[in-house]
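Start from the sequences, fold in the hints, and give me the full structure.
Same order as they appear, the protein sequences are chains A and B.
Per this note's numbering, residue 1 is the first one in the first sequence, and the count goes up by one each step.
Per this note's numbering, residue 336 is the first one in the second sequence, and the count goes up by one each step.
Don't read these hints as lab results, they were simulated from the structure.
In this text, a Cβ means the ideal position worked out from N, Cα and C, and glycines have one as well.
A few of these clues could be false.
Cβ pair distances, simulated, as ranges [what the hints assert, rightly or not]: (1) T3(A) - S348(B): 50 to 56 Å; (2) T3(A) - L456(B): 25 to 31 Å; (3) T3(A) - D584(B): 55 to 61 Å; (4) L459(B) - S223(A): 32 to 38 Å; (5) E604(B) - V189(A): 35 to 41 Å.
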Amino acid sequence: MLTFTLRRLLLAIPTLLVISLVIFLLVDLAPGSPMSEIPLTVPPEVRKKMIEALGADQPVFVRYVLWLRQFFWVEPATLFDGWFGTHLAEGEQRILSWQSRSPVFTIIGQRLPQTMTVIGTAYLVGILIALPIGIYSAYRQYSIFDQGGTLFAMLGFSVPTFFSGTLFIIIFAVWLGWFPTKYDTTLSVTDWQSFLKQAKQMALPVMTLGLANAATISRYMRSSMLDNMTQDYVRTARAKGMTERIVVLKHVLRNSLIPVVTVIALGIPSIFGGAIITENLFGVNGIGAALIGAIHANDLPMVQTLAFIFAVLIVLFNLIADLLYGLLDPRIRYD
Amino acid sequence: MTDTTSAPPRPSSPRHEIWQQFRTHKGALFGLIVIGLLIFAVLIGPYLWVPEKLTVAQAIKLKNQGPSLRFPLGTDQLGRDMLGRMLLAGRVSLAVGLVAMVIAIVFGTFVGTMAGYFRRLDGLLMRLTDMFLALPVIPLLLVMVMLFRDRLAGVLGPELGAFTLIVFAIGITSWMATARIVRGEVLTLKEREYVLAARSIGARPNRIIRRHILPNVVSPVMVAATLGVAEAIITESVLSFFGLGFPPDFPTWGRLLYDGLQYMQVYPERVIWPGVAISLTVLSVNYIGDGLRDALDPRIRGR
Numbered sequence: 001m002l003t004f005t006l007r008r009l010l011l012a013i014p015t016l017l018v019i020s021l022v023i024f025l026l027v028d029l030a031p032g033s034p035m036s037e038i039p040l041t042v043p044p045e046v047r048k049k050m051i052e053a054l055g056a057d058q059p060v061f062v063r064y065v066l067w068l069r070q071f072f073w074v075e076p077a078t079l080f081d082g083w084f085g086t087h088l089a090e091g092e093q094r095i096l097s098w099q100s101r102s103p104v105f106t107i108i109g110q111r112l113p114q115t116m117t118v119i120g121t122a123y124l125v126g127i128l129i130a131l132p133i134g135i136y137s138a139y140r141q142y143s144i145f146d147q148g149g150t151l152f153a154m155l156g157f158s159v160p161t162f163f164s165g166t167l168f169i170i171i172f173a174v175w176l177g178w179f180p181t182k183y184d185t186t187l188s189v190t191d192w193q194s195f196l197k198q199a200k201q202m203a204l205p206v207m208t209l210g211l212a213n214a215a216t217i218s219r220y221m222r223s224s225m226l227d228n229m230t231q232d233y234v235r236t237a238r239a240k241g242m243t244e245r246i247v248v249l250k251h252v253l254r255n256s257l258i259p260v261v262t263v264i265a266l267g268i269p270s271i272f273g274g275a276i277i278t279e280n281l282f283g284v285n286g287i288g289a290a291l292i293g294a295i296h297a298n299d300l301p302m303v304q305t306l307a308f309i310f311a312v313l314i315v316l317f318n319l320i321a322d323l324l325y326g327l328l329d330p331r332i333r334y335d
Numbered sequence: 336m337t338d339t340t341s342a343p344p345r346p347s348s349p350r351h352e353i354w355q356q357f358r359t360h361k362g363a364l365f366g367l368i369v370i371g372l373l374i375f376a377v378l379i380g381p382y383l384w385v386p387e388k389l390t391v392a393q394a395i396k397l398k399n400q401g402p403s404l405r406f407p408l409g410t411d412q413l414g415r416d417m418l419g420r421m422l423l424a425g426r427v428s429l430a431v432g433l434v435a436m437v438i439a440i441v442f443g444t445f446v447g448t449m450a451g452y453f454r455r456l457d458g459l460l461m462r463l464t465d466m467f468l469a470l471p472v473i474p475l476l477l478v479m480v481m482l483f484r485d486r487l488a489g490v491l492g493p494e495l496g497a498f499t500l501i502v503f504a505i506g507i508t509s510w511m512a513t514a515r516i517v518r519g520e521v522l523t524l525k526e527r528e529y530v531l532a533a534r535s536i537g538a539r540p541n542r543i544i545r546r547h548i549l550p551n552v553v554s555p556v557m558v559a560a561t562l563g564v565a566e567a568i569i570t571e572s573v574l575s576f577f578g579l580g581f582p583p584d585f586p587t588w589g590r591l592l593y594d595g596l597q598y599m600q601v602y603p604e605r606v607i608w609p610g611v612a613i614s615l616t617v618l619s620v621n622y623i624g625d626g627l628r629d630a631l632d633p634r635i636r637g638r
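If you want it as structure tokens, here you go:
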């Protein structure tokens, strides 16, 4: 297990390096760079100084290595300094956003809690909806409930979140007036009243993302339960005279959850992708909104860093899913 | 010895059997009918429903109209007929889905066959596939469109430029699943006796792949292709949703939805029509994919 983990970690390094190079080059070599957007009225020597100040006059390779050093050494060291009061990264240049001139990771640190609250809740809600649906659909296969569940999953796959989100806004915010259309980022939860307000403004984005996630997970739960329902150990358990409840919820469910847990782990990075849409639709000021803002403002360091963070998340959760599978299922050994 | 005079009933052709199985899937039939109607509508519709030519002054007076006989779906904020726009937009949306799928399938099948057939290429190509799978697709697509749109528009014109860029970008970020499926199939197929026989009589890899291997990977690829169309349509509308898709005078359903968002509170139907069109298309295509998967699987078929 340990050797497998180490080998996978070592393999992840070249993958991530290539991805970072691809992201860096794609953004950097593109024709529409911000350097071409300096107004022509700016005199040439000032233009030259502006480009120098951004560090954009260095060769691509130098900038790539510097960016890597900033990403993998300076930023973690700064974080470490912040926690333990050391001076590892003192005087080092951090990755600066071109929009706000403040460090990219500071902005991400400010935005992340918003994303985590909304997206995290949505994913949890999605799982909580999906598991019972999947379990009951499999237990009563081809029943009306199962067919309803299949239709729900099909709709969840097919209706894109930007449309379901808009529909929810039209129905619940515009017509019924139950929830606000926009998410108020400045609201801080201090008492019961503000908590209620927070819950209300979270309802629509959480519902939008949660239903989309629930559709996928419920399908996996159902097929995994169906695989296990016909196993010999289930018949044995029934033959021993165990109640249906124990057979289904203890024997079958536990074994069926193994692949579902890995699917849930694999889905975590992709919800950040889906969250970009939801965040923009509802005005949640999270990292997805930060990415879109940076793209529209031609803020290359911000875009590169955020895109690379998404890639790191994908690689990381792939690894976690593989390890979880080995840990949970004794039939799978990686040595 | 069996009696040879009475011929056994002629076995039905595989195509017929597949159709028989496909027909039993209600969702797939529904999908086929809906998608057929949609394709018919967007292909023939713009000829049957020609929006009347209005001067700018007339159009401005007729802006934001509700549904009427003259404008069955109303008009938008510039007085343009929504039905005509929906039909034209559907053409572009479906074309984007189909072309992007073809690019993804061709490239994915090529990579998968190479990786599966030639052992030396396997490691390299599969690492490449893994790497592409780890790319954050939506952010990268948005960045690509933003950075390359103007340059391509300068070369190919705004419409064709946007179309080429988006179709190509979606295609090269969605071939990985096909490549993996094809590789797996090829790995088992190339050990089959008939392939060994072909090789033993001196057939070249090129011929073996084209004559003996590719025809046998068609069915999983077809399923992947159907689902790929759905995914490409959704991805394109996500790009349009961020205003980074097609120009407003050459709309797709996603672009119409994006344009309608500002007027959502007053004229919700302008969001609902394109949204329903996208969802219905994707739903139908997904159902067809589901039905195809069942129909092409010989283990399920004939039961």
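These are the hints, each one checked on the structure:
| no. | hint | result |
| --- | --- | --- |
| 1 | T3(A) - S348(B): 50 to 56 Å | holds, 53 Å |
| 2 | T3(A) - L456(B): 25 to 31 Å | holds, 28 Å |
| 3 | T3(A) - D584(B): 55 to 61 Å | holds, 60 Å |
| 4 | L459(B) - S223(A): 32 to 38 Å | holds, 33 Å |
| 5 | E604(B) - V189(A): 35 to 41 Å | holds, 37 Å |
Checked against the numbered hints above, the structure violates none of them.
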